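According to the working numbering, the sequence shown is numbered sequentially starting from 1.
Worth flagging that the hints you see were computed from the coordinates, not collected in a lab. A hint or two may mislead.
[Unchecked claim] Derived DEER-like restraints, expressed as beta-carbon distance ranges:
1. 57 to 233: 23 to 33 Å
2. 180 to 148: 17 to 27 Å
3. 123 to 219: 17 to 27 Å
4. 119 to 67: 36 to 46 Å
5. 82 to 123: 14 to 24 Å
6. 217 to 67: 21 to 31 Å
[Said to hold, decoys possible] Below, computed lysine-lysine pairings styled on BS3-like, alpha-carbon distance capped at 30 Å:
7. 38 to 198
8. 100 to 198
9. 198 to 184
No experiment lies behind these values; they were computed from the predicted model shown. Note that CB positions come from ideal geometry on N, CA and C, so glycine has one too.
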Amino acid sequence: MAWQRLISIGLVFGLALLGFALLSPAVFQSREDARKIKSQDNLRQIGLAIQNYHQTERSLPPGGIIREDETAMQGWLAMILPFVNDTIVYSWLDLNESWKSPQNTFIVDSVVLNYLIPGVDDRFTDSGYGLGHYLGNPNLLYRNSGVTFGQMTNGTSHTWLAGEATGNFQPWSYPFNWRPLGIKFCAEPDSYGRPDWKGGHLLFADGSVSFFSDQTAPEIMERFADAPPVAPPEQTAV
């Protein structure tokens, strides 16, 4: 009887392992799908915030506010905080001081949840600044920029605004939070997209968000990357 009991236990254990093995991929995929949806929603919130900023200020936010003496003040993600329902963080920022001045340290050391991609572990720099995982189009968001929707001659639905960075994240308050699109998603840390997703989302100026695989044709990527207006190289320098 003992051996029969052992066989029964073994069968139950084996079936449990089999069930776990069958369910694990589905559970993992479900989790990744939820993360993708959340990141997509973050980009939509950013897009809506930029549209509301444009409605108020008659232009997109400056990519970064840089003084004549090259003092870097605030970046575009900081400027749209009131429009992503983070008025408290924005009210605590001293806009007359550099983003990393002592007056702003306790703010920029925090994270803004809408600026984080779910599932990405990197949330702080080594020095403690809160990171942002989304970067902007350098042709629209650059040094002291003031681009309008009217300048997007390809149409707002064909002009990308921002996307999910692959790596080399910067603080959300950093005044140079832009990056060229490149011709391939997930190619390197300085590209766009999430390797786990084999692609990434782009936010367009009309507020729409689309997913592009890492197999998207380079000519499509180039068409988005070169969409006018095109900023002078010196204005996109970091």
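The hints, checked one at a time:
| no. | hint | result |
| --- | --- | --- |
| 1 | 57 to 233: 23 to 33 Å | holds, 25 Å |
| 2 | 180 to 148: 17 to 27 Å | holds, 21 Å |
| 3 | 123 to 219: 17 to 27 Å | violated, 36 Å |
| 4 | 119 to 67: 36 to 46 Å | holds, 37 Å |
| 5 | 82 to 123: 14 to 24 Å | holds, 23 Å |
| 6 | 217 to 67: 21 to 31 Å | violated, 41 Å |
| 7 | 38 to 198 | holds, 17 Å |
| 8 | 100 to 198 | violated, 35 Å |
| 9 | 198 to 184 | holds, 11 Å |
Checked against the numbered hints listed earlier, the structure breaks hints 3, 6, 8; every other hint is satisfied.
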